Amino acid sequence: MTSRYYEFYCPVKILAGLKALEHLPAELAERGCAAPMVLTDKGVRAAGLIKHVEIAFEEAGLSVGPVFDDIPPDSSTDVVESIAREFRERNCDSLIAVGGGSVLDTAKAVNILVSEGGEFLRAYVGAHKLTRPLKPLVAIATTAGTGSEVTTVAVIKDTHKQKKDAFQSSHLMPAVAVIDPRMTLTVPPVITAATAMDALTHAVEAFTCIAKNPLSDAYASAAIRKIVTALPLVLAEPGNTDARLELAEAATMAGIAFSNSMVGLVHAIGHSLGAVCHLHHGTCMSVLLPYVLEYNLDAIQDDLGLLLPFLAGDDIAMATPPEERAKAAIAAIRDLRDELFEATGLPRSLSESGKVEMSQFAKIADLSVDDGALMFNPVEADRSDVLSILERAWSLTD
Amino acid sequence: MMRIVGRGLAIASRIDSDIAYELQHLPAEMTIAMRVYPNGPCCLLQHTGSELNYLGVRDSCAADMEIIFKHLQHAWLLYTFQENTPTAFARNRILLDGEVSHATVFNRCLSRLMTLILPRLLAKRAVKRYPAIPLQEKLRLAAAIYLRLPLERRRPAL
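These protein sequence lines are chains B and V, in that order. The first sequence begins at 1 in the numbering used here and counts up by one. The second sequence begins at 1001 in the numbering used here and counts up by one.
Source of the hints: derived by calculation from the structure; they are not laboratory data. Do not take every clue at face value.
Short derived list, chain B residues pointing at chain V, Cβ under 8 Å [said to hold, decoys possible]:
#1 Val125
#2 Gly126
#3 Ala127
#4 His128
#5 Asp370
#6 Asp371
#7 Met375
Listed below are the simulated DSBU-like cross-link pairs for lysine-lysine, each with C-alpha atoms no more than 35 Å apart in a straight line [as the list claims (entries may be wrong)]:
#8 Lys157(B) x Lys1138(V)
#9 Lys1128(V) x Lys129(B)
#10 Lys1128(V) x Lys164(B)
#11 Lys163(B) x Lys13(B)
#12 Lys135(B) x Lys13(B)
#13 Lys363(B) x Lys161(B)
#14 Lys1070(V) x Lys164(B)
#15 Lys164(B) x Lys355(B)
#16 Lys355(B) x Lys327(B)
#17 Lys163(B) x Lys1070(V)
#18 Lys13(B) x Lys1070(V)
#19 Lys157(B) x Lys42(B)
#20 Lys129(B) x Lys1070(V)
#21 Lys129(B) x Lys1124(V)
#22 Lys1070(V) x Lys161(B)
#23 Lys164(B) x Lys1124(V)
#24 Lys1124(V) x Lys363(B)
#25 Lys135(B) x Lys19(B)
#26 Lys129(B) x Lys327(B)
#27 Lys1070(V) x Lys135(B)
#28 Lys363(B) x Lys1138(V)
#29 Lys164(B) x Lys13(B)
#30 Lys363(B) x Lys164(B)
#31 Lys42(B) x Lys327(B)
#32 Lys129(B) x Lys13(B)
#33 Lys1128(V) x Lys161(B)
#34 Lys355(B) x Lys1128(V)
#35 Lys327(B) x Lys1124(V)
#36 Lys1128(V) x Lys163(B)
#37 Lys42(B) x Lys163(B)
#38 Lys327(B) x Lys1128(V)
#39 Lys363(B) x Lys1128(V)
#40 Lys157(B) x Lys1070(V)
Predicted model only: the values in this text are computed from it and were never measured. Glycine is no exception: its CB is placed at the ideal position from the N, C-alpha and C atoms.
Make the full structure from the sequences, and use the hints.
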């Protein structure tokens, strides 16, 4: 009898497309909420994106609640705990997060405290610590990459321990995710490229790591095709809302995929690289992805080969012998990486990023082997394996 | 089998430098449980700061980190070396209640124990990658673990 078993879960209601934001008041009313708190960061506010949310509420004869716009790029337990206090003082009943990964993760963490109770986030670190459904959270992503709007995870820096803590529970999933192309229109080209490579990595790892399942495979492969098609269009025409929507949908689909099949070694190293060197997560993914796929190649040959038509197109896949498709898939990812460097300056190697020192490799390797994502990588990796991947990713070797 | 794994881990933590090194990454006095949901047997261990103490197999227990098998058969698959821990996690057979980074450390300790006490063919099914380990070292450590197993007693919690 087969020992195969999988679970797939995504209860997030997704509002996607034209005027998606305008549906927000009705969604909150349906959930009995009248006093949402808006969380965002200074950059999003300065870009005028909160205005879209405010207008959506004004058109419904409502006003948005208090807006907290001081979430830093690397959010911390102190920030979360102070927002939770304000949420309680203002008698809010729901959360609207408008931003990238840091804002969305902060909102999830605030939701833990205001729903479960308590002053300190530390009590909820880890997996399956939450015992009940949380307050309604609406996630409005302003980058197309993290997929945080549909995932069960939040990562927050512990201010006192200076390390990142992961929180995981199905209750952390937002009630509603909004994909409105207006919200990603102002993202600069290099961030568009980096976040898209983050989404691509989610999809590729979801498809090639050991927790893959048929449903996550469907989301992952479709997301890959959308990314490789839409990303060049978005970079050529940043105001193309159709292409922006395609890219944002792909990021959400990749998020659904990896939330159900997890990610692997690219993320294990990427999380550590980000923590030690403060390198943008998408850049970490873009640099590391080809090298980790090569490291995993023997174990993922068949699965990676299946991704070639999605990465390079049906014609190229048909013309490539089956035994060469996995390597051709890696080559297609390298080609995309090089095109992004030409178009946006997105670094192709760790040295090119200008933020990483080789002397930091040992620390990165130590953190990587303790990262939960490593558990789901198809090939075991110890400290020396991680070091050798980092050395290969240091400068362009291909 | 839970008793053998629990006692084996405690013994190995005192005689194997690899496991001792891994344990440095866990907080002192941390308790670790492997149990079957909802009321199955529960194997309890405690990190003393330098080694693992075997606290026994009980009917129920609570710990700082709990590795919870959702069904008895899932524990059977793991303890009979038909499936390794990462695969059990990937197939949603296990719930983790605790810090993920601690679970990765504990998984490495468990893999090291399997590598030491099982014949290579069996160990290759129980771990993701069978490491290069000199036969002499494997035999010496395996013998030490097996010889001490009957003598390993439950210890009180710190």
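Against the structure, the hints come out as follows:
no.	hint	verdict
1	Val125	holds, 6 Å
2	Gly126	holds, 5 Å
3	Ala127	holds, 5 Å
4	His128	holds, 5 Å
5	Asp370	holds, 4 Å
6	Asp371	holds, 7 Å
7	Met375	holds, 5 Å
8	Lys157(B) x Lys1138(V)	violated, 41 Å
9	Lys1128(V) x Lys129(B)	holds, 28 Å
10	Lys1128(V) x Lys164(B)	holds, 26 Å
11	Lys163(B) x Lys13(B)	holds, 32 Å
12	Lys135(B) x Lys13(B)	holds, 15 Å
13	Lys363(B) x Lys161(B)	holds, 16 Å
14	Lys1070(V) x Lys164(B)	holds, 28 Å
15	Lys164(B) x Lys355(B)	holds, 19 Å
16	Lys355(B) x Lys327(B)	holds, 29 Å
17	Lys163(B) x Lys1070(V)	holds, 31 Å
18	Lys13(B) x Lys1070(V)	holds, 28 Å
19	Lys157(B) x Lys42(B)	holds, 19 Å
20	Lys129(B) x Lys1070(V)	holds, 16 Å
21	Lys129(B) x Lys1124(V)	holds, 33 Å
22	Lys1070(V) x Lys161(B)	holds, 33 Å
23	Lys164(B) x Lys1124(V)	holds, 33 Å
24	Lys1124(V) x Lys363(B)	holds, 29 Å
25	Lys135(B) x Lys19(B)	holds, 24 Å
26	Lys129(B) x Lys327(B)	violated, 41 Å
27	Lys1070(V) x Lys135(B)	holds, 28 Å
28	Lys363(B) x Lys1138(V)	holds, 30 Å
29	Lys164(B) x Lys13(B)	holds, 29 Å
30	Lys363(B) x Lys164(B)	holds, 14 Å
31	Lys42(B) x Lys327(B)	violated, 43 Å
32	Lys129(B) x Lys13(B)	holds, 24 Å
33	Lys1128(V) x Lys161(B)	holds, 31 Å
34	Lys355(B) x Lys1128(V)	holds, 33 Å
35	Lys327(B) x Lys1124(V)	holds, 27 Å
36	Lys1128(V) x Lys163(B)	holds, 28 Å
37	Lys42(B) x Lys163(B)	holds, 24 Å
38	Lys327(B) x Lys1128(V)	holds, 23 Å
39	Lys363(B) x Lys1128(V)	holds, 24 Å
40	Lys157(B) x Lys1070(V)	holds, 31 Å
Taken one by one, the earlier hints fail for this structure at numbers 8, 26, 31, listed in ascending order.
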